[in-house]
Amino acid sequence: MTKTLTHLKRLEAESIQIMREVAAEAENPVMLYSIGKDSSVMLHLARKAFFPSKLPFPVMHVDTTWKFREMIEFRTMITEKYELDLIVHINQDGVKDGIGPFTHGSGVHTDVMKTAGLKQALDKFGFDAAFGGARRDEEKSRAKERIFSFRSAQHRWDPKNQRPELWDIYNTKKAPGESIRVFPLSNWTELDIWQYIHQEDIPMVPLYFAKERPVVERDGQLIMVDDDRMPLQDGEVPMMKKVRFRTLGCYPLTGAVESEADCLTDVIQEMLLTSTSERQGRVIDHDAAASMEKKKQEGYF
Amino acid sequence: MSHQSDLIADDIEAYLKAQEEKSMLRFITCGSVDDGKSTLIGRLLYDSKMIFEDQLSALESDSKRLGTQGEEIDFALLVDGLAAEREQGITIDVAYRFFSTDKRKFIVADTPGHEQYTRNMATGASTADLAVLLIDARQGMLTQTRRHSFIASLLGIKNIILAVNKMDLVDYSQKVLTDIDAEYRDFAKDFGFRSIMTIPVSALKGDNILNASDNMPWYEGPTLMRHLEDIPVGDARQTADFRMPVQWVNRPNLDFRGFSGTIASGTVRVGDRIKALPSANESTVKSIVTYDGELEEAVAGEAITLCLADEIDISRGDVIAGKDNPPEVADQFEAKIIWMSDDQMLPGRPYLFKTANKMLPGLVTDLKHKVNVNTMEHTAAKQLELNEIGICTIALDSRIAFDPYNMNRETGSFIIIDRITNTTVGVGMIDYALRRASNIHWQALDVDKSARAEMKLQRPAVLWFTGLSGSGKSTIANVVEKRLFARGRHTYILDGDNVRHGLNQDLGFTDADRVENIRRVGEVAKLMVDSGLMVMTSFISPFKAERRMVHDLLDDGEFIEVYVDTPFEVCAERDPKGLYKKAKAGELKNFTGLDSPYEAPERADIHVSTDTLSAEECADTIIQYLEDNGYLSANGGS
Chain R
1 MTKTLTHLKR
11 LEAESIQIMR
21 EVAAEAENPV
31 MLYSIGKDSS
41 VMLHLARKAF
51 FPSKLPFPVM
61 HVDTTWKFRE
71 MIEFRTMITE
81 KYELDLIVHI
91 NQDGVKDGIG
101 PFTHGSGVHT
111 DVMKTAGLKQ
121 ALDKFGFDAA
131 FGGARRDEEK
141 SRAKERIFSF
151 RSAQHRWDPK
161 NQRPELWDIY
171 NTKKAPGESI
181 RVFPLSNWTE
191 LDIWQYIHQE
201 DIPMVPLYFA
211 KERPVVERDG
221 QLIMVDDDRM
231 PLQDGEVPMM
241 KKVRFRTLGC
251 YPLTGAVESE
261 ADCLTDVIQE
271 MLLTSTSERQ
281 GRVIDHDAAA
291 SMEKKKQEGY
301 F
Chain B
1 MSHQSDLIAD
11 DIEAYLKAQE
21 EKSMLRFITC
31 GSVDDGKSTL
41 IGRLLYDSKM
51 IFEDQLSALE
61 SDSKRLGTQG
71 EEIDFALLVD
81 GLAAEREQGI
91 TIDVAYRFFS
101 TDKRKFIVAD
111 TPGHEQYTRN
121 MATGASTADL
131 AVLLIDARQG
141 MLTQTRRHSF
151 IASLLGIKNI
161 ILAVNKMDLV
171 DYSQKVLTDI
181 DAEYRDFAKD
191 FGFRSIMTIP
201 VSALKGDNIL
211 NASDNMPWYE
221 GPTLMRHLED
231 IPVGDARQTA
241 DFRMPVQWVN
251 RPNLDFRGFS
261 GTIASGTVRV
271 GDRIKALPSA
281 NESTVKSIVT
291 YDGELEEAVA
301 GEAITLCLAD
311 EIDISRGDVI
321 AGKDNPPEVA
331 DQFEAKIIWM
341 SDDQMLPGRP
351 YLFKTANKML
361 PGLVTDLKHK
371 VNVNTMEHTA
381 AKQLELNEIG
391 ICTIALDSRI
401 AFDPYNMNRE
411 TGSFIIIDRI
421 TNTTVGVGMI
431 DYALRRASNI
441 HWQALDVDKS
451 ARAEMKLQRP
461 AVLWFTGLSG
471 SGKSTIANVV
481 EKRLFARGRH
491 TYILDGDNVR
501 HGLNQDLGFT
511 DADRVENIRR
521 VGEVAKLMVD
531 SGLMVMTSFI
541 SPFKAERRMV
551 HDLLDDGEFI
561 EVYVDTPFEV
571 CAERDPKGLY
581 KKAKAGELKN
591 FTGLDSPYEA
601 PERADIHVST
611 DTLSAEECAD
621 TIIQYLEDNG
631 YLSANGGS
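Residue numbers (my numbering), protein chains in the order written: chain R, 1 to 301; chain B, 1 to 638.
It is worth saying that the hints were derived from the structure and are not from the lab. Remember, predicted model here, so these are calculated numbers, not experimental data. Some hints here could point you the wrong way.
Each pair of labels, with its calculated beta carbon distance range [stated by the list, open to error]:
hint: 1; chain 1: B; residue 1: SER450; chain 2: R; residue 2: ASP85; range: 46 to 54 Å
hint: 2; chain 1: R; residue 1: MET77; chain 2: B; residue 2: ASP10; range: 33 to 41 Å
hint: 3; chain 1: B; residue 1: ASP230; chain 2: R; residue 2: GLY107; range: 45 to 53 Å
hint: 4; chain 1: B; residue 1: LYS589; chain 2: R; residue 2: ARG156; range: 36 to 44 Å
hint: 5; chain 1: B; residue 1: GLY206; chain 2: R; residue 2: ASP219; range: 36 to 44 Å
hint: 6; chain 1: R; residue 1: GLU212; chain 2: B; residue 2: SER195; range: 53 to 61 Å
hint: 7; chain 1: B; residue 1: LEU295; chain 2: R; residue 2: ASP158; range: 49 to 57 Å
hint: 8; chain 1: B; residue 1: ASN629; chain 2: R; residue 2: ALA175; range: 24 to 32 Å
Below are the EDC-like pairs computed for lysine to aspartate or glutamate, each with C-alpha atoms no more than 20 Å apart in a straight line [stated by the list, open to error]:
hint: 9; chain 1: B; residue 1: LYS17; chain 2: R; residue 2: GLU270
hint: 10; chain 1: B; residue 1: LYS22; chain 2: R; residue 2: GLU200
hint: 11; chain 1: R; residue 1: LYS174; chain 2: B; residue 2: ASP418
hint: 12; chain 1: B; residue 1: LYS17; chain 2: R; residue 2: GLU217
hint: 13; chain 1: R; residue 1: LYS173; chain 2: R; residue 2: GLU190
hint: 14; chain 1: B; residue 1: LYS275; chain 2: B; residue 2: ASP343
hint: 15; chain 1: R; residue 1: LYS3; chain 2: B; residue 2: ASP611
hint: 16; chain 1: R; residue 1: LYS174; chain 2: B; residue 2: ASP611
hint: 17; chain 1: B; residue 1: LYS22; chain 2: R; residue 2: ASP201
hint: 18; chain 1: R; residue 1: LYS242; chain 2: R; residue 2: ASP201
hint: 19; chain 1: R; residue 1: LYS9; chain 2: B; residue 2: GLU20
hint: 20; chain 1: B; residue 1: LYS17; chain 2: R; residue 2: ASP266
hint: 21; chain 1: R; residue 1: LYS174; chain 2: B; residue 2: ASP343
hint: 22; chain 1: R; residue 1: LYS9; chain 2: B; residue 2: ASP324
hint: 23; chain 1: R; residue 1: LYS3; chain 2: B; residue 2: ASP343
hint: 24; chain 1: R; residue 1: LYS81; chain 2: B; residue 2: ASP292
hint: 25; chain 1: B; residue 1: LYS544; chain 2: B; residue 2: ASP530
hint: 26; chain 1: R; residue 1: LYS3; chain 2: B; residue 2: GLU602
hint: 27; chain 1: B; residue 1: LYS577; chain 2: B; residue 2: ASP611
Pulled a few chain R residues facing chain B out of the computed Cβ check, cut under 8 Å [unchecked claim]:
hint: 28; residue: THR6
hint: 29; residue: GLU21
hint: 30; residue: ALA24
hint: 31; residue: ASN28
hint: 32; residue: ARG47
hint: 33; residue: PRO52
hint: 34; residue: LEU55
hint: 35; residue: LYS144
hint: 36; residue: TRP167
hint: 37; residue: HIS198
hint: 38; residue: GLN199
hint: 39; residue: VAL257
hint: 40; residue: THR265
Virtual Cβ for every residue (Gly too), placed ideally from N, Cα, C.
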């Protein structure tokens, strides 16, 4: 007569427990919202964790100004639908300096608009805990990161000095100025995320589903021409191709894949039958072997 | 092939439906790199198709560059992580890996096998349902096998898989397997394991990992993957008594008051009679609220919100339990502690303890003995070092609801947090409550502290002088006492001379003894303050934690920290007792400022230096402070 909890139910309960712990112990928490599928799942879990209360913290999007237009539309729709307390932060220093991926390259753009923008926002609002949607299965160096990950007042991560994390008892004590990045989806895999989206019918940005979209092929990646800020190189003509995105970020830095999968089940089917891991679509990861770890030490989420 | 690719291609909806019924198993793998542990995990990921082609091509190129398998794929590289570790060629932390089959999702805690890493294995084991112990078939049982089994049992793991690896190197011999199996079962008989399954494998060649091995037709048991898929877990937790530690009080408006938490064990139904602890207030479950609708019943592992029929006082950290089978309530325990910090554990030093959802101050009152992880022998000890395990008694600031750890992991575990650095320095598992907590009752007397103080026309306090040896603490304290005496105040000085020769004559100068020295002085000072005295203490008291401990013993405003900040060179030059000379000559060990640290106060109440001021001038400053803050008038000043 025992009832076996399914793997999704166990993952869900774990994430909820983590979120409630932060709400109970942090002074000024925030949930980072990137509009992508992991963020959508995280937001859904947060609504479950505190029901019937509303989220006891704001949701923040660090906007690089180069996100897909459909992402911003979706953000507006979700904010209204769920009555979120949404903060949109843009690094105005970067805007003033005209930083962009085409003019400054992916490295500088990400550093200034994303990494520096995030630190700026955390300092500005004095957030002492920030939820992020990162998963341990995404990348090797993340496999060893804790669920509660501490950052110095300078937002640095020290992989050699992590607190042991046993059972589900989390040590949330910190000195003034220090902050915690909390990863409630640590133990989810990409497949879990998709299965959960399917099971719970969670709304998604349409970019995840295949549609005819204008793209150019550049450095082996299909880049969508999302607005007229994209400078076309000699001989480049945008072509309409049926494509979708496996991860979402800044449109010039996010490669599309050609696909026929125009609904959720088709996307999951395609994912299960295909054989490349999801981060491959991110231009930023290819920089150097230990690039993600280095970025994380510097404060990239 | 572990995922049914035909069903994925033909009927994705049916596939997804089936996937939603999957269960989950968390396990740890124990063994050293030499046992082929990383290879085994890499093989499980590879065979369950959790490796994508781009990772595989990276793996192939890495294997040629860094691998140890010649031209063959080195699976170990798959589970390698941080750059620093990659350079050292060794796993130095806990890493979590994921794979799934059609029946189960698996979370693997990959923990290293080296001696100094007890802390990492304990971390991985704390959330695991099962442990896979790797044994090299050529070596048989080693010291590390004993160590891993002991830690697994300590952390409450009930199911063991003994994976006897490298069977290919012993000609797939059945005798090798049966010998190891017999030896292990005999060794592990007292560990309380519910199941032990011995499986002969070759991680490198894939024998008995996913598919039954053709090389070992004599083996009739399940393959590793099959056993991982089929072993039942989690039932015991559900049939245990109901416990839910309250994590968050859910109060969206005046009409709704719910208690959110994750059910630690057992089952709860609407209408159940419950008891909240430690208050022992009772009520009835009115509803079980979730985002997906109200439930009639909820079980261990579910995150829910309980609404009760009565308005009883419950806050975060309280435990809701069934009325008839509540947990015990106590503030003193015997527990097993695993120490995880470079700074040793010292009995008497105050720490923070965090149990399920509750943080409270407390201390380790006694270290009864430590346990050798290799031999399980008990040895006497005064302190615990990194990676050591001790049987301790602990005393908490207030009472908590708990269960013995071997009955309930969730309500029997705690972590220990350093009050200064905020890091997690140790973890513990409660064995039982100590009864003496309920036997000591303070006599409530009519003549109390304020009555005594009033009679003496003063506000009692401790002037805690801290500073290096020879800094002038005692000299200044003497001047201050003379002045106060002259004003008709009631005073006393506690210093090394009148304490070390009597009360503390059994103590030396190790860190542990220094902590105990200060603890006793603090307690004596507290009694003196209670009697209405102005107390001056003159001790080097080099550690922040101990000064903080005394501070916390006393009421607000009763602890005045006086930092006698005289530079080391000046003290060494003065050397009134000739101690610096001896210490520099190596005749005195653990000398503060030389081979033992002095942690200067950051926010002393009074800061003086005999480098620039005379003892008389320092005393002026202190008397002025006492006057300004109302210590020298009967009602505590204006």
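- Could you tell me which of the hints above the structure violates, numbers in ascending order? Of the numbered hints given earlier, those the structure breaks are 7, 12, 13, 14, 15, 16, 18, 22, 23, 25, 26, 31, 34, 39, listed in rising order.
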